[in-house]
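Visitor: Now for the letters of each chain:
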Amino acid sequence: MIKGNTKANRTAKWLVSGPPLLFLLVFFVAPSLIMLFTSLRLPGEFGGLAPIAAPAEAVHGEYGLTLETYQFFFSDILYAEIFLKSFAVAAASTLICLIMAYPLALLIARSEKRFRNLMVLLVVLPFASNFLIRIYAWMIILGPESVFSHFINAFLGAFGIAPVTLLFSPFAVLVGMVYVHLPFMVLPLYTNLEKHDPALLDAAQDLGANAWQRFWRVTWPLSLPGVFSGAALVFIPVLGMFAVPDILGGTGDILIGNLIKDQFLGTRDWPFGSTLSIMLTLAVLAITGLAAWFARPATIAER
Amino acid sequence: MRRSNIWLWSAAALAYAFLYIPLIIVVVYSFNDSKLNAEWVGFTLSWYVALFNNQEMLTAARNSLTIAVSASFCATILGTMAGLAIHRYKLKFLPVLVFTPVAMPEILLGVALLLFFLQVLNLTLGMISIIIAHTTFCIGFVAIIVRARLQGMDESIFEAARDLGASPWQTFRLITLPLIMPAVVAGALMSFTLSIDDFVITFFTKGVGEPILPIQIYTMIKVAVTPEVNAISTLLMLLTLTMIIIAAKLDSGVLRREAK
Amino acid sequence: MNPPGRSTALLALLLSVLLLAGCSSQEQNATTSGENVLHLFNWNNYIAPATVKRFEQSCNCRLSQDYYADNEEMLAKLAAGASGYDLIVPTGNAMDTLIRQGVLKQLDKSLLPNLKNINPAYLNSAFDPGNKYSVPYAYTLTLLGFNQEKVKELGLPTDTWAIIFEPKYLEKIKGRVTVLDSQRELMAAALKYLGYSVNDADEQHWQQARDLILRAKPYWAAFSNTSYVKELAVGNLWVAHGYSNDMFQAALDARKTGRKFGIGYSTPKEGAVLALDSIVLHQSGTRPDLAHQFINFMLAGKNSAELTNLTGAGNPNMDAIQFIQPEIADNKAIFPDRELLARLEMLQDFDRKQRRLLSRLWTEIKLRNL
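Protein chains in written order, with the working numbering: chain A, 1 to 303; chain B, 1001 to 1260; chain C, 2001 to 2370.
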């Protein structure tokens, strides 16, 4: 009986985990390997890929498999710069998201239980509108003839500062990035803050801690896991984003995402596009590793 | 205590305003009687009329709906399985496979799938390729939700069922599935929303001839922004809003029962 | 049994939605497969809706259109396996690539009696000698569009690329200028301004052009391929580097919305890019019969003229001139005279090494500041 049961269990295990495993092997692992493979090839004369030549047919030592794109990547500091810039934008977006999301998440977590779901829903609801529409909305708001622009420039003018253009600027890109990703920061923070035991804060108050101390010594350290997962949920997508700079950015606002997109839909250089994608993957892995490492002391604090 | 509450409230109010004002503007301008989204001219419904006469837009909406429904259907089944498997069995490989597509920048999956479809499958890009692509990234979201639900549950129920001689299938059908159903439904709705909203991966895996909503909107934004864009987004918001309200209504019953 | 009842109801609801959507999509497939459909891969706004309607009536078929905003984009999409198009409307250099790739079908000229309408000056281009594959469709010039009031007020020259490259002019219009977000077009303008050919592949000349662009970049509001049309018409932009037909559109929009200013456009004296768009048959098309019918239809003067009247695209069709509104036919920026024509150049495709280098230069232009 017991033996039969374990056998049935093993079958069940495969029945349950098999289909998703197979699907992801075919449609996630294989494509990723193909991408790696593509980065080692030569672009075709008209786009796409050059055929892989047999050694005898190779022209000028080009066998169809090469590290050329990687050499090209490292031949110019330009590509390192663009990665750094994307990191900077992602870091800034994450920080702004955190600053905006924290009070909101804290308020929701401390509200009466019956209001919480509604308040969370109100954070998620803007997601009911299309991603592009959310970016587009800022095109209207930041446009040079918009009420907001006039207001800002009148304000700056009062201090004798020359008027600024808001749309098509790094500022617009940041606003767009923050706007699109803000809920990703609120939700993990809220999930974390909601679990906090209010008794801890009461205890701190009894021990004479003021509001700031209660926050900084109790709430904040306890919320670090939420902060880290929120930060990862914002940082990583921003790193690869091309639509926001594409729509809101100005003359200098190009990020890795735009560069990758360009290789596939502009320059017709698939191998180099793949190389850039591999580099981005490595960067993301490094970030994830780093975040996990940073999150470690947080778990100690939680204990 | 009170003063900190005021600060908290005003900061939160600002955040809510930041979230909603842009959308309100989009909705308001969808009724603006001017082709250019710059100043208020007068009230009109003509952009909605134009929208309903725009055959391409309607086809795009239908295509996107078909994709979202198919992808969320596949992703819900596969994702529920994955969530169960990850929770129940100590697997090493599957969690990595399931959660990585969620954590990766979308563009990477888009690029990888584009190359894969063209080089290996020699597939003509179209609805099928988009459905597959969307399923791939939605599986992870469903699995996360289902697993979170399972983690919060008392293991002893399953043990009791097993002790009473229920086969794994019976345990699943009679105990597990009803218990995780809210998570499954939430996962399905989430996949639906993610799919209909997805731009980046669709952008890379789309074919030709079949207009897809996000791509259509992107073209309109980049090329000729008319308030038709505002009109379609207002309608989209309404649709998703309705779905969320229905889900909340149905789900609140489930939640209340649970609270007892 | 009651507890799971609710969730079961929800699942049932979801399933029924799924099934419904599934059915409707099947239905749609059934109708489209029996239909006569001609697939056209065209530039944005490059055919008059009225023309489309008349053609659909005459052929008893449906014209399905997909659009691109840039030749590179079109080529990239084709390279990425886009297929199913009967007809494409590439510009010369892109057509050259397509011909050399061997992805075009030869024309059957016996089906195109209206071919006689085309001005011989636009036939026999270097890209397709003998017009085995292509029929000239329309052309555009890459030039300068401007807000007439502002330019006059600030005393700026409008007949030279200097206005988008020279800081002494740009200072006055900072943040009110856009240039095309196209590697080839912007480089072409810079190369022309420096006195080189638009197809110059000399790396040193490229670097000079890059430096020129980087020096001017801080004054530009954005790289824009399309949105400048609207922004010019609204008055947010004062000068834009763009296509003649887009400038035509902007001028029209400004007039229609009753703006206090007009939008003018002119071809810089240093020369510019002429883009002759031709209509070609892609090998992935399934309806060569309808395709030829469409080409011949578009070669009729009246239909061809409609395109020019609507979009302001230049017209190589001699029979069309009589149907074109006089103020368009007399516009030198749309119908260049012989002297100007001599200073216009068509872009030629670069090879893959040059493309990669140009792409790096472009990245540098986007990322760096001087």
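Be careful, since some hints might not be right.
[Stated by the list, open to error] Keeping only pairs whose Cα atoms sit at most 27 Å apart, straight-line, the calculated DSS-like set for lysine-lysine is:
| # | chain 1 | residue 1 | chain 2 | residue 2 |
| --- | --- | --- | --- | --- |
| 1 | C | LYS2150 | C | LYS2217 |
| 2 | B | LYS1222 | C | LYS2174 |
| 3 | C | LYS2256 | C | LYS2302 |
| 4 | B | LYS1222 | C | LYS2150 |
| 5 | C | LYS2105 | A | LYS85 |
| 6 | B | LYS1222 | C | LYS2132 |
| 7 | C | LYS2256 | B | LYS1222 |
| 8 | B | LYS1222 | C | LYS2269 |
| 9 | C | LYS2152 | C | LYS2332 |
| 10 | C | LYS2109 | B | LYS1222 |
| 11 | C | LYS2174 | A | LYS85 |
| 12 | C | LYS2172 | C | LYS2260 |
| 13 | B | LYS1090 | A | LYS85 |
| 14 | C | LYS2116 | C | LYS2150 |
| 15 | C | LYS2150 | C | LYS2168 |
| 16 | C | LYS2217 | C | LYS2174 |
| 17 | C | LYS2256 | C | LYS2168 |
| 18 | C | LYS2116 | C | LYS2132 |
| 19 | A | LYS13 | B | LYS1222 |
| 20 | C | LYS2109 | C | LYS2172 |
| 21 | A | LYS13 | B | LYS1092 |
| 22 | C | LYS2260 | C | LYS2174 |
| 23 | C | LYS2109 | C | LYS2152 |
| 24 | C | LYS2109 | C | LYS2132 |
| 25 | C | LYS2217 | C | LYS2269 |
Hints were generated in silico from the structure; no laboratory data involved.
Visitor: Next, verify each hint and record whether it holds.
Guide: Taking the hints in turn, this is what the structure says about them:
Restraint check: the Cα-Cα separation between LYS2150 (chain C) and LYS2217 (chain C) comes to about 20 Å, which is no more than 27 Å; the hinted pair holds. As the CA atoms of LYS1222 (chain B) and LYS2174 (chain C) are separated by approximately 23 Å, the hinted pair is consistent with the 27 Å bound. Of the supplied pair hints, the one linking LYS2256 (chain C) and LYS2302 (chain C) holds, its CA atoms being roughly 24 Å apart against a limit of 27 Å. Restraint check for LYS1222 (chain B) and LYS2150 (chain C): the C-alpha separation of about 26 Å stays at or below 27 Å, so the hint holds.
Between LYS2105 (chain C) and LYS85 (chain A) the CA atoms are separated by roughly 46 Å; this puts the pair beyond 27 Å, and the hint is violated. For a cut-off of 27 Å, the pair hint linking LYS1222 (chain B) to LYS2132 (chain C) is broken: about 35 Å separates their Cα positions. At most 27 Å may separate the alpha-carbon atoms for a hinted pair to count; LYS2256 (chain C) and LYS1222 (chain B) meet this at roughly 22 Å. For the hint pairing LYS1222 (chain B) with LYS2269 (chain C), the CA-to-CA distance comes to about 30 Å; that exceeds 27 Å, so the pair is violated.
At most 27 Å may separate the alpha-carbon atoms for a hinted pair to count; LYS2152 (chain C) and LYS2332 (chain C) meet this at roughly 20 Å. Note on LYS2109 (chain C) and LYS1222 (chain B): the hinted pairing is violated, with a Cα-Cα distance of about 38 Å set against a maximum of 27 Å. Among the hinted pairs, LYS2174 (chain C) with LYS85 (chain A) is consistent with the structure: their alpha-carbon atoms are about 25 Å apart, no more than 27 Å. For the suggested pair LYS2172 (chain C) and LYS2260 (chain C), the alpha carbons sit about 20 Å apart, so the restraint of at most 27 Å is met.
With a CA separation close to 40 Å, the supplied pair LYS1090 (chain B) and LYS85 (chain A) exceeds the 27 Å bound. For the hint pairing LYS2116 (chain C) with LYS2150 (chain C), the CA-to-CA distance comes to about 44 Å; that exceeds 27 Å, so the pair is violated. Distance restraint check for LYS2150 (chain C) and LYS2168 (chain C): the Cα-Cα separation of roughly 16 Å lies within the 27 Å cut-off, and the hinted pair is therefore satisfied. Taken as a hint, the LYS2217 (chain C) and LYS2174 (chain C) pair is honoured in the structure, with Cα atoms around 10 Å apart against an allowance of 27 Å.
For the proposed pair LYS2256 (chain C) and LYS2168 (chain C), the alpha carbon gap of about 33 Å is over 27 Å, so the pair is violated. Simply put, LYS2116 (chain C) and LYS2132 (chain C) have alpha-carbon atoms about 15 Å apart, close enough for the 27 Å limit, and the pair holds. With a C-alpha separation of about 49 Å, the suggested pairing of LYS13 (chain A) with LYS1222 (chain B) is violated against the 27 Å cut-off. The straight-line distance between the Cα atoms of LYS2109 (chain C) and LYS2172 (chain C) is roughly 54 Å, outside the 27 Å bound, and the hint therefore fails.
For the hint pairing LYS13 (chain A) with LYS1092 (chain B), the CA-to-CA distance comes to about 13 Å; that is within 27 Å, so the pair holds. Distance hint between LYS2260 (chain C) and LYS2174 (chain C) is fulfilled; the C-alpha atoms sit about 21 Å from each other, no more than 27 Å. Among the hinted pairs, LYS2109 (chain C) with LYS2152 (chain C) is inconsistent with the structure: their alpha-carbon atoms are about 50 Å apart, more than 27 Å. Between LYS2109 (chain C) and LYS2132 (chain C), the direct Cα distance comes to roughly 9 Å. Compliance with the 27 Å bound is thereby established for this hinted pair.
Proximity of LYS2217 (chain C) to LYS2269 (chain C) is assessed by CA-CA distance (about 22 Å); at most 27 Å being required, the pair is judged to hold.
Hint compliance for this structure: hints 5, 6, 8, 10, 13, 14, 17, 19, 20, 23 are broken, all remaining hints hold.
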